[in-house]
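Using the sequences plus the hints, can you model the full thing?
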Amino acid sequence: MIRYHSSRFVRHALVMLLALPSLLAFSLASAATEAEVGSTGPRLVVVVAVDQLRKDRLTTTMPGGLGRLLRSGRNFVDSSLDHGVTNTCPGHSVIVTGVQPGRAGIAGNDFVDNQSWQSRYCVDDDNPDARVLNGEGGRSPRLLKVDTLGDWLKAEQPKARVFSVSGKDRAAVVMGGQHPDGVFWYNAKARQFTSSAYYQAALPDYVKVFNGPEGFLSGVPATWEHSAGHFRADDYPGESTKYQRTSGHPLNSGELDDRGGQFYYSPFLDVATMALARTVVAREQLGQDAVPDLLTISLSANDNVGHLYGPFSAEAEATLAQVDQSLGEFMDYLDSSIGEDNYLFVLTADHGVADLPEWQLENKTARCPSPSGRLDLYPFMARLYGSVYWRETFPFDLPTDLIKILGNQVYINPAYVAAHQLDFSQIEADLKDHFESVDIIKQAWTQAEIVAGTTEEARLLRNSLVPGRSGDLMLQVYPDCVIRADNTGTTHGSLYDYDRAIPMLFYGAGVVPGNIAGAARSVDIAPTVAASLGLKFPADLDGKPLSLLTQTTDSVIKADHE
1 MIRYHSSRFV RHALVMLLAL PSLLAFSLAS AATEAEVGST GPRLVVVVAV
51 DQLRKDRLTT TMPGGLGRLL RSGRNFVDSS LDHGVTNTCP GHSVIVTGVQ
101 PGRAGIAGND FVDNQSWQSR YCVDDDNPDA RVLNGEGGRS PRLLKVDTLG
151 DWLKAEQPKA RVFSVSGKDR AAVVMGGQHP DGVFWYNAKA RQFTSSAYYQ
201 AALPDYVKVF NGPEGFLSGV PATWEHSAGH FRADDYPGES TKYQRTSGHP
251 LNSGELDDRG GQFYYSPFLD VATMALARTV VAREQLGQDA VPDLLTISLS
301 ANDNVGHLYG PFSAEAEATL AQVDQSLGEF MDYLDSSIGE DNYLFVLTAD
351 HGVADLPEWQ LENKTARCPS PSGRLDLYPF MARLYGSVYW RETFPFDLPT
401 DLIKILGNQV YINPAYVAAH QLDFSQIEAD LKDHFESVDI IKQAWTQAEI
451 VAGTTEEARL LRNSLVPGRS GDLMLQVYPD CVIRADNTGT THGSLYDYDR
501 AIPMLFYGAG VVPGNIAGAA RSVDIAPTVA ASLGLKFPAD LDGKPLSLLT
551 QTTDSVIKAD HE
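Using this note's numbering, the letters of the sequence shown correspond one by one to residues 1 to 562.
Honestly, I wouldn't trust all of these hints.
[What the hints assert, rightly or not] Simulated DEER-style distance windows between Cβ atoms:
(1) A539 <-> D439: 42 to 48 Å
(2) T60 <-> S336: 46 to 52 Å
(3) S227 <-> E449: 46 to 52 Å
(4) S387 <-> V77: 44 to 50 Å
(5) P379 <-> V291: 58 to 64 Å
(6) P369 <-> W117: 32 to 38 Å
(7) T59 <-> D423: 27 to 33 Å
(8) T455 <-> A415: 30 to 36 Å
(9) N487 <-> D423: 55 to 61 Å
(10) T241 <-> P369: 44 to 50 Å
(11) T241 <-> Q118: 40 to 46 Å
Hint data in this document are derived by calculation from the structure and do not stem from the laboratory. We treat Cβ as the ideally placed atom computed from N, Cα and C, and that holds for glycine.
Below you can see the structure in the form of structure tokens.
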């Protein structure tokens, strides 16, 4: 637990705020048979994604909101992602769209546009009407090809309010959908929460106050202090030294840009996110009438910290304890302001994460064929680009004129191939051979192999395949192998269970508690919530409504799709 009382932080940030003066056509399927929820259903739906949360990190003994959800909620114990590119943007998209990332158009956090050969960010938008407020660039959901839960709600209930809050812009934008009432995220460079002109011309007054001198940063200490943790020593090999490896991590030193990053890689980011979410509920009066509202929240610090130190580090343990505390305080607030029987609370994650390779080696659980569990990236890239240069782009062009690598995806420039009369199939085959010669890479999948494949691995990758946006090759590492530029920390993105096994917990209005076994996927969340609200939703979703009402005296029962 961080040594800082988050309720005091929230009160300090909110006191000034609360003193302020106060249809798209698509094929539709009938919503649920859970008609008894009907007009007496939840007045507010809260969907929380904890970034990088593996469900094996949760226990019923947790004292805050996570423990409350596990003890008193409906827990789909076999829940998982059903796609192969397990990154933040696709992982958040499936939660609210009910379709696989391939259909939503979300190939990854970043992709290469084959027409322009430009790298694109999953929520970037160069249009002036999407400029970031008080920031740089543009953000909108225009690259998302489908509508979301919030859009279905507003199509049927025009007076419904939809808001989205996160530490990360991509999580906030994707979860907010096409037509929300407000979307807010943390801009580390400016050390403020912001939005874009796609949503509104200026930030609401309450967000300006939240960002101000008496706002969320006013109670943040100079350093992040935490205990040694229960799993391993605080100072552990393989952890990042970016913001030091032990308790006492800096939060307010150096240049402004760096201070913004220090906050971003600490639990205080999630404390601030939850404080802003509570402010949105209060100032926008969510859940105060019979028309249901939707609030989506993504907590990013668990991922930021996890990348640097690993999921069983002292830092990750302290960060998750803070998530537990903050969620508990938020649920207590909803109990008092809306009523426990008047809101539906959903908790899940966008993806999991690999263990730190050094931790796996110590515990003799490593399956990666590399002795270190890592790829020494810079020598590998030098060999790759050297090979491409001498084979294909010598003497006048750069290897990056022909190929680009984003995450685990490799792109071949079709315009360059055509202009220089190169053999695309031969280039693809040469690249495939090069990658598969590396000890940690199990397979470099061509798109043809993904489309024609009959294995579970091929199916998962197929669910992530976006024509025109996905790489010509998708790299599958061996289990537990980690690729990071600085050879420290850990990552996600694979199709293995540790990246795909995520929690799915439902609590509150219309929910019968219990532990439910059987297939349950994150694409099932949006239609399940829609069914609980009595909404219509597209007939061709990949997800199906899960029953929230089955009663049992058994500790675990089988999941039932409506």
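Okay, the hints, checked on the actual structure:
1. A539 <-> D439: 42 to 48 Å: 46 Å, holds
2. T60 <-> S336: 46 to 52 Å: 24 Å, violated
3. S227 <-> E449: 46 to 52 Å: 48 Å, holds
4. S387 <-> V77: 44 to 50 Å: With a Cβ separation near 47 Å, S387 and V77 satisfy 44 to 50 Å, so the hint holds.
5. P379 <-> V291: 58 to 64 Å: At 59 Å between Cβs, range holds.
6. P369 <-> W117: 32 to 38 Å: At roughly 34 Å between Cβ atoms, W117 and P369 fall inside 32 to 38 Å, so the hint holds.
7. T59 <-> D423: 27 to 33 Å: Violated, at about 56 Å.
8. T455 <-> A415: 30 to 36 Å: 33 Å, holds
9. N487 <-> D423: 55 to 61 Å: 35 Å, violated
10. T241 <-> P369: 44 to 50 Å: Given a distance of about 27 Å, which is not inside 44 to 50 Å, the answer is violated.
11. T241 <-> Q118: 40 to 46 Å: 33 Å, violated
The structure fails to meet hints 2, 7, 9, 10 and 11 from the earlier list, while all remaining hints are met.
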